[in-house]
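Given the sequences, and given the hints that come with them, work out the whole structure.
Protein chains in written order, with my numbering: chain A, 560 to 1020; chain B, -17 to 441.
If you are wondering where the hints come from, they were derived from the structure by calculation, not from laboratory data. Beta carbons are placed, not taken as given, at the ideal position from N, Cα and C, and that holds for glycine. Be careful, since some hints might not be right.
[What the hints assert, rightly or not] Output of the computed footprint for chain A on chain B, the stretches with three or more beta carbons under 8 Å from beta carbons of chain A:
id, region
1, 12 to 20
2, 38 to 46
3, 51 to 63
4, 77 to 86
5, 258 to 270
6, 384 to 397
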Amino acid sequence: MADHGERNVNYRNVNENPCNMCMPMGGILALKGIEQSMVIVHGSQGCSTYMRRHIAEHFNEPVDVGSSSLNEKGTIYGGEPNLRLALDNIIKVYHPKLIGIVTTCLAETIGEDIGRITDQYLRDREMDGFPIITASTPGYGGSHFEGYFFTLKRIIMQLTKATEKNNKINIIIPNMSPGDIRELKRILEQMNIEYVLCPDFSDTLDRPFSKPYTKISNGGTKLADIKEMGGGLATIQMGVTIDDAISPGKYLADEFGVPLYNVPIPIGAENTDIFINTLVKITGKVIPQSLHNERGRLLDGMVDSHKYNFFGRSVIFGEPEMVYAVAKTCLENGVFPVVIATGSQEGKLKQLLVAALTDAVEESKILVETDFAHILAASQEARVNIAIGPSDGRYLTEKGEIPLVRLGFPIHDRVGGQRLVSVGYTGTMMLLDRITNTLLENKYRSYRSSMYEKFYQKDMG
Amino acid sequence: MAMNNAGTIAERDKSIVIKGKNKKQLQCDTDSSAGCVSQRACVYCGARVVLNPITDAIHLVHGPIGCASYTWDIRGSLSSVAELYRNSFSTDLKERDVIFGGEQKLTDAIDGLMEKYQAKLIFVYSTCIVGVIGDDLQAICNAASQKYNIEVIPVESSGFIGNKSAGYRAAADALLRLIKPAEGIVMEKTNSINYLGDFNLAGETWIIQNYLRQMGIEMNVTFTGDSNYEALKLAPKARLNIIQCAGSMIYLAGKMEELYGIPYIQISFLGIEDTTASLRKIAAAVGDESTMAKAEELIRKETSRVEAIIKGYRQKLIGKKAAIYVGGGFKAISLVKQFREIGIDVVMIGTQTGRQEEYDTINNLVDNGTVILDDANPAELEKFMMQKGANLLVGGVKERPLAYKLGMAFIDHNHDRKHPLSGFEGAVNFAEEVYSTVCSPVWNSLIDKGIGSGVKCDG
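Below, the structure written as C-alpha cells:
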C-alpha cells in the first residue's frame, strides 16, 4: 500500500466531500461474493450499520452484517469477548458456511489480534476447519478499493490449497455491478471456457424474487472452487491498477505458480479485445461468430455516435480500476477525459494513465486521493461537460451544472445501479449510449435559447 | 452444523414482549449485543443527525474518512438560506496521524476551512480513534475559538462510548454550549417558543411554523431544522419549548428548563389526531382565548380539507396489518394512532432507541398480541412480521429491501425522505404513501407459481 510519509503529495489537512469510503466497506463487498458467507465488522456498532445502509441502498437488497459492537469496556480491556459473542450469535442465527471478519479503525488502534482470537475460538468450540477469514482493514489504512482487494487476497490465502492442476481459469474481478458479472459469465460461457469467478456477488447482492426468503441468499463463489484456484490454468485479474501487495492474482502466481494475466476491466473495444484475446491465448479456443457480431455492432455504434462524442469533455471519478477502463473508453471515442480522479490510493493508476495519454491532443488532469471539492474545481477549470462515476458526483451537477452518467458504486439516488451493464462489447455499447445520450440531452435542452441569445438581434426582423 | 432456521439469541429475550402474554417489562436503552445484527448506528451518527441541520455551520469530522463519507448530504433537511451544512468535512486521518496524533492536523484543517468559508460556527466531531489516541479536542477547539473569535465546539461522539442515544446527548451538550449567553448577559424573555426535535425534512419545520403563525404564535428557533448560528444564540429568550422528537431532545429540554427557566411540553405533529391535540396543547400553554380560537379555526379548516381524502384511503386500506420499526419512541407512538386513522392495525412495533416511558405508552396503546421489541434485528423483524401476517412495514433504508423481499409493502419513515410527513399535509402524504405501496398492482405478479403458471397464449 502507498506510503503515507512526508513524500506523499496527496496528504492534506482537510477532505471536503469524500470521493471514497473506508477499507472495511470493500472487505464486506468481497466477502458477500462467497457462497453462504456472513461478515462481522470488528468495531463499534455504527461502522457495520453505515456500510449496510450504503450497500443496501445501492443493491436494493437486505444486507445483514454483524458487528462486535465494541463499547467502552471492550475498547479498554480488549474486544475478544465481544468478537466471540458475535461469532456465537451469527452462527446460531445464520448458519453460514464461512465467516469473514474485517476490522475497523477502532479494533486496529487498540491492537486486536483477530487471527489469534479466532484460532482460539475455533479450538474452544471444537470447530476445527470451519473457515473464518480475517482481514485487517483499518479505515485509515486505505479506501474501500484497497480494502476490497486486500480482503479478496486474504480469502484466497486462507482457502486455497495446493491441488491438482485443473482446466479452469481464475477470473478475479474488482467491484462491479451484478449485471456486469453476469455479462462476464455470459461471455465466458459463449466461449466455452471453464472458470472460477471470484468474488461472485451477481446473485448474492442481486437475488431474484423467490419464496421462501432465506437469510443468506444463494449464489457466490463456491468454497470448493476457491480451494482449487491454486491449480488453475491461469488467472485473469481485472486489477491493472492495484499494488502487488494487495494482488490476489500475484499471490496465486507466487504461491502456486498460476500464470497471472492482469487485464483492464473489459469496458471499451480495446479493453474487451484484451480480455477476449487473453482467454484465447490461454485456452486456444475459437472466438464464436456471435461475439464477432457483438464487436461489429459496437464498432458500428461507435461510428454512428462519434461526432456527438467528440464534443464531450469528461471528468471520470471513482475506484481506480473502473476509472482507468472508462478513461480508455472515453479516449477511444473522443469523449476526451480532461479530469481523471480517484479518492483511492494511486497504485499503478497514474503511470498507466500517463502511458495511455501519451499521444493525447490535450493534457488531462489526474487527481488521486482527492475529494469532490478538488474534482469540481479541476472540472470547472477544464470546462468539463460530462461527468462519469458514482452518485456522489451529483455534487458536480448541482454546483457545476455538469450532467452525470451514473456508473460504479454507490448509486444511491437512482434505481438500477446493480443492473447496469457496461462490460464486454455489448455492455460497452450500452455505456457509450448512456454517455452520448447525456451529451445530446444537454445540447438539445439549451441550443434553442443559447443560439437565440448568441445570434439574434432585434433589428433582424 | 444444524440447518434449522429458528436460531434465537438468549440475550435478546428480555427485549421482546407480546402484549397481554408476558407480564415482564421490556428491556431497553442498553448496549447492542455483539453479533445480533442491530439496526442501530453509533454515537457519532446520533450527534450528526441532530446537529447537521444547522445550516451555516461547518461540520468537521475528526477521524478517518469513512465516518464523513457515509454521512455526506444523505439527509433530507432543507435550508432557507445557508448551504454550508450540506458539505462533509473530514480531517481524513491516516496511519501516521494515528501513530503521531492528529492534533496539528485538526488545527490546520480549521485554519484551512476558516480561510475558505469564514464561518461563525464549527462543530468538530470526535470519532472512535480520536477517543483512543487521546487528541485534546477541547484544547484545540478553544484555541481556534479564540483565534477566530467564533464558536468552535467539540462534539464528544466517539462511537464506542454508548449507542445512538449517547450521540443525542453529545449533540445536546454541544448545543448547550452554543446557546449559553456570554458572561453577565441576561436575555429578556419574548413571547415566543422554541421547537425542539424537528429537522426540517422536506420542509416539515416550515409547515409547523406556518401553523403557529396562523395561531399568532412566534417561533423563536427550531432545534435544529433550518436553524443557524444567530437564531440558536437567541434560544434562551423563548418562554416555552415544545418537543417533537423526544428521544433526541428531552435531555436538552430538561437542561434548558434548569438553566434558562424554559418549561417544556411534548407534542407530535405526526397524524391528524396528534397534530390536532398538539396545536390545542400549544395554544393552551402560551396563548389566550383568541389563540385558542385561532387554533380551532386552523384545525377546522385543515381537517375539513383533508378528512375526505383520508377517509377515501381508509376505505381502501381498512383491515390491513402494519409492522413498525423506527428510530425513536415518539414516532412509533404517533404511527400507531396514525395507522388507526386509516383503518390499519399494528401487529408489531419496535424502535432502535425508545425510552422506558415510551414503551409503556406503546404497551397501553396497542392491541393484545402485538409484538413489542427494542433494538431488533433483521431475523426478528422477518420472524414476527411473517408470524403476525403484516402487510406492510414502516422503517428506514436498511429495512426496506427486507420488506420487499418478503413481498411486503413499505413506508419510508427516515431522515432521507423527500416528502413531509408532519402536520395535516403530512397526514395526507402518509395515507397516500401507504395506499401507493399496499395497493400497488405489483404484488399480484408475485402470487403465481412461476413462469409456467403465468403463461397466457392463444393456442
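Do three or more residues of the region 77 to 86 of chain B come closer than 8 Å to chain A, measuring C-beta to C-beta?
Per the Cβ count (4), the hint holds.
Test coverage of the region 258 to 270 of chain B by chain A using CB-CB distances below 8 Å; three residues minimum.
violated (count 0)
Examine the region 38 to 46 of chain B for residues whose CB is less than 8 Å from any CB of chain A, and state whether their number is three or more.
Coverage by chain A holds here, the residue count being 3 at a Cβ distance below 8 Å.
If you count the residues of the region 12 to 20 of chain B with a beta-carbon closer than 8 Å to a beta-carbon of chain A, do you get 3 or more?
Since 8 is at least three, the answer is holds.
Check of the region 51 to 63 of chain B against chain A for coverage (Cβ-Cβ below 8 Å, three residues minimum)
With 6 residues close enough to chain A, the hint holds.
Count the residues of the region 384 to 397 of chain B with a beta-carbon closer than 8 Å to any beta-carbon of chain A: does the count reach three?
Coverage by chain A holds here, the residue count being 5 at a Cβ distance below 8 Å.
In this structure, the one hint that does not hold is number 5.
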